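From first to last, the protein sequence lines are chains A and B.
According to my numbering, the first sequence holds residues 12 to 305 in order.
According to my numbering, the second sequence holds residues 2 to 289 in order.
Check each hint, because a few of them may be wrong.
List of simulated lysine to aspartate or glutamate pairs, DMTMM-like, C-alpha gap at most 20 Å [stated by the list, open to error]:
hint : chain 1 : residue 1 : chain 2 : residue 2
1    : B       : Lys114    : A       : Glu192
2    : B       : Lys208    : B       : Asp98
3    : B       : Lys251    : B       : Glu175
4    : B       : Lys114    : A       : Glu289
5    : B       : Lys208    : B       : Asp226
6    : B       : Lys208    : B       : Asp274
7    : B       : Lys239    : B       : Asp189
8    : B       : Lys131    : A       : Glu214
9    : B       : Lys114    : A       : Asp74
10   : B       : Lys114    : A       : Asp194
To be clear about the criterion: a stretch of chain A counts as covered by chain B if any three or more of its residues have a C-beta under 8 Å from a C-beta of chain B, and this derived list gives those stretches [said to hold, decoys possible]:
hint : segment
11   : 164-173
12   : 192-205
If you are wondering where the hints come from, they were derived from the structure by calculation, not from laboratory data.
The model shown is predicted, which means the values in this text are computed figures rather than measured ones.
Ideal Cβ positions, reconstructed from N, Cα and C, are used throughout, including at glycine.
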Amino acid sequence: MNTVSNQVNVPVIAPESEEVSVETIRARRRRRIVVNSLRVLILVVIIGGWQLLTSVGNPPLIDPFFWGQPSGIWQQIVTWVTQGTAQGPLWQQIAVTLEEAILGFVIGVVLGVIFGVVLGRNRFLADVLSPYIKAANSIPRVTLAPLFVIGLGLGFQSKVALAVVLVFFVVFFNAFQGVREVDRNLLANAQILGASQRRLSTEVIIPSALTWILASLHTSFSFALVGAVVGEFLGATQGIGLMIQNAGANFNANGVFAAMVILAAVALITEVLITALENRLVRWRPNTVSEVTI
Amino acid sequence: MNNSLPMKDVSTGTQNAPDQGMYAIELRDVTKRFLTPAGKAYTAIRDINMAVAPGEFVAVVGPTGCGKSTTLGLISGLERPSAGEVEVMGEPVQGIDPRIGYVFQADAVFPWKNVLNNVATGPLFRGQPKAQALERAHDWIARVGLTGFEDRYPHQLSGGMRKRVALAQTFINEPQILLMDEPFSALDVQTRTLMEDELLNLWSSLKASVVFVTHDLEEAISLADHVCVLTAGPATVKGIYTIDLPRPRKVGEIRFEPRFVQLYQQIWEDLRDEVVISYERAKQRGDQ
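The following block holds chain B by itself, in its conformation from the complex (with noise of 0.2 Å):
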């Protein structure tokens, strides 16, 4: 079964299936189509094959709208596969999983709870009695560096306070699988190296498996251990890096590494094109 996974690297050439053969995500032919308003069928992501090993992060970049929200969907059952098989822990996805987290592109906290609500929302949604869900919620926080603005409500915080509201209040459900949707693209560069930090520690004392879509490639290569490029929509696999930089990393750091560097050169090598066939066809769409 491993043979036929196609998780061929590129840039060592050694194959990455885990010895027991297991995957925590697991991706195999998925085809996506969507009916657009005019009646159309519309191929957002086409025969990908990808895996994720427990425990390992693994970013996918490639260019603006060519499906990598598409492929986070179809992992949370929040969408159904036209094609092919999507499997979570050895299953196949029926549903929403509650193993899962996901951290959304867009501010998704909820406006009409406070900050300590917020991150309880998801213990509660789960039966978990009151007192022990805000306990824990009180916890996260303080792990988020939240502490005294428990009462505060999403629109009196800043762009980077929601979105530790949002990490903490993804990680409280402790999911071992993690799905991050360009989570930080909207922050302004200091912040998001600092909640690319706070995420990496976040993420080395829960051990999930993270799937994190980027269109950034050195917020890619910063934080994983693979990168996937994808082609321009219909998306597919082009290739997979694994990245060899050792943890633990500091994300402001690790940028100016030579590894850093002549990895980042590598990919870009292949994601250029995609993202040139990519411009070019939103520019055609524009002058018709």
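For reference, chain A alone in the conformation it holds in the complex (with noise of 0.2 Å):
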């Protein structure tokens, strides 16, 4: 070894480059532990705190009762997984709150980019209906509630339609905005190519504005299933709305808690995957919008 490093003549800064990058792989390694560490230690003191505080003390500082604790949270969740809800086993509760968020997404995604695409590439039809469009849009839409159980009745398709409205207008807002953004440029080079107009909105439109329909999957999802636990308070048999229900009129907070936790699962879980998506659909498009995540 010696003898060849002897004979070669071996410039000079490659050593010295090698070592800067050793130096920044470790520096980004030491970044990275440092920030996985206090994510970590953010979470020890918030939910360490929160079992201090409402347990050391007589009467402890925070009332357990009323906001509940990390270890009874926990308890809960053990007690719904091994023996089931009062509403029966926890797994057909998610699905079924899981079964109508999806259906109103799925429904409402439809619907939106159909709208978008039909009054993005008809101004005059945007024009005549616009304010309405903007009316409807301003009404909270939760407010519809109410509305649905009375016409559609207690079982699901009342916590669809209210999934359904509240994912529509996300979807066709972005789908309107992406078909309007469509680059001029595009179109006219797919009409000089020959395009006809069904072609130039399934070949040029619908792909462009694509970017900006799966931007919005991301928040309508959540919207989905907002809809189908706001549609199971106001009243069902199963769900995880009935779970949250049924603990809050019973005081149990650990429940109400644990019932969020849950939610939260399938909310990531779901995220994760839309993401998939979103990065198998657009797989043309360079990475650095989907690398800015935090």
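Grab the two chains, each in its own frame, and use the hints to assemble them into the complex.
Dropping the structure here:
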């Protein structure tokens, strides 16, 4: 080894630059460790502090009866998982809520995209309808829930309807804007290349607006969950919303928090799925956008 | 009819009408006005008269923002004239003619399609079977030197490569009329020269009539058979010059020929005044 390195004229810069890169890799790793440990620390402080303040002292500084207690929340989840809820097994409650949310989400997205593309392409129609759309959008749509219960009953239809209404406007406005933002050069080019009106929509306008539409899916799925849960508040026989409602009615703060944790887990999992879908559908896009996440 | 055509050739003083009396492109007293957002009428081009013979390469030069692109929009059928007549292959332009190809100034390749699908777009839109369209696309990708890049998306390519994709995308439709709107203005000088040579090669095999809009007089002279100088907006034809440089040309070298320099000086005399007018106007608008 030694003889080889003596024979070859090794440039001076090479080992140095290598050292620098090792140094930067090390610095990056150190930073990652610091970030992750701080994250864990924050969690420990919040959960630990909460647990501490609700258990130490007599009476404790915060009353666990009103504000819950991490250990109690955990026990509640364990109970639900092992023994089921008052309405039946836990997974069934999750399935019911998820089913309502997904159905509402899909219908809302499809309607939102269709209306967004049609109005985005037809300026006349958009001008005619715009005051009504603005008015409809300004109504807090959760207030429609009682109406859906009256009209559609206490079954899953009223929950789906609420989810649809919540999802529709988010997707609609994004699709509409996406269609309006389509590069005029791309439209002109497609027309010159011989695109019919239909293919202009399917092969230029929708792919181009897809970035906008997909961006709206992240927020709109949580809206769909809100729709399903709020619908269940108002009357249901099953679902996470009903669990929250029951826990609240029984002054079971831990139960409310436990259901919240379950909802959050469901929302996080679907968020991951939507991101995966997005990355699949817009593979053609440079990575810069998807990388900017916190 | 030919007499009414203002194809007065300033440099040679001859009439350059073809014997058959049929032009590939003909603009007669064409005016185009736009409505500005403020509600005023803005005249982009006024009383333009121009004719391009079949297989001829015409470059249109003029100061920035004088309405050069508008002229192409009118020929392509993307825009309608406010007054006057635009004829392509002897027929008035009504809608988008399938015999026309258009290369845009900005990137107009579809970012969500890879190179292969971008090039195959035209044939597919025109109803060719997919297998045949893809086969022809492969052929054209090879002709613009992009073999091996079929699977790449436009954002993974350099500016020059994207322009090659745009050229292949246009040429695959075998247009008889080729409209080019400052297609190479965003490229660096070296890439640009390469692309100009590439264009001349492709054009010589296609024999299309070309209208090439540019603000670069050097580019115009190196490429064209005729250079048409437009006035500062509203644009009208100031003069048409015949470029009698022999073909095939090598764009990188032709600019050193004495005849090239001579033509350049001659046309620049004409163009300079317009550039100055346009610049002064822009300055005034800036002052206000």
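Agreement of Lys251 (chain B) and Glu175 (chain B) with the hint, judged by alpha carbon distance not exceeding 20 Å = 24 Å, violated
query = Is it true that the CA of Lys114 (chain B) sits at most 20 Å from the CA of Asp194 (chain A)?
reply = At roughly 15 Å apart (the allowed maximum being 20 Å), Asp194 (chain A) and Lys114 (chain B) satisfy the hint.
request  = Given that the segment 164-173 of chain A was listed as covered by chain B, double-check it with a C-beta distance under 8 Å for 3 or more residues.
outcome  = violated (count 0)
ask   = Taking 20 Å as the top limit, are the C-alpha atoms of Lys208 (chain B) and Asp274 (chain B) close enough?
value = Violated. Lys208 (chain B) to Asp274 (chain B) sits at ~34 Å, over the 20 Å cutoff.
message = Would the hint linking Lys114 (chain B) and Glu289 (chain A) be met if the CA-CA limit is 20 Å?
response = 16 Å, holds
ask   = Does the alpha-carbon distance linking Lys239 (chain B) and Asp189 (chain B) stay inside the 20 Å limit?
value = 30 Å, violated
request  = Could you grab the alpha-carbon distance between Lys131 (chain B) and Glu214 (chain A) and see if it respects the 20 Å cut-off?
outcome  = 15 Å, holds
inquiry  = Between the alpha carbons of Lys114 (chain B) and Asp74 (chain A), is the straight-line distance 20 Å or under?
reply    = This hinted pair is violated, its Cα atoms lying about 60 Å apart.
request  = With a C-beta cutoff of 8 Å, work out whether three or more residues of the segment 192-205 of chain A approach chain B closely enough for the coverage to hold.
outcome  = holds (count 10)
request  = With a cut-off of 20 Å on the C-alpha distance, tell me whether Lys208 (chain B) and Asp226 (chain B) pass.
outcome  = 13 Å, holds
key: Holds or violated: Lys114 (chain B) to Glu192 (chain A), with C-alpha atoms at most 20 Å apart   = Holds, at roughly 18 Å.
query = Holds or violated: are the alpha carbons of Lys208 (chain B) and Asp98 (chain B) at most 20 Å from each other?
reply = 18 Å, holds
Going through the hint list in order, the structure does not satisfy hints 3, 6, 7, 9, 11.
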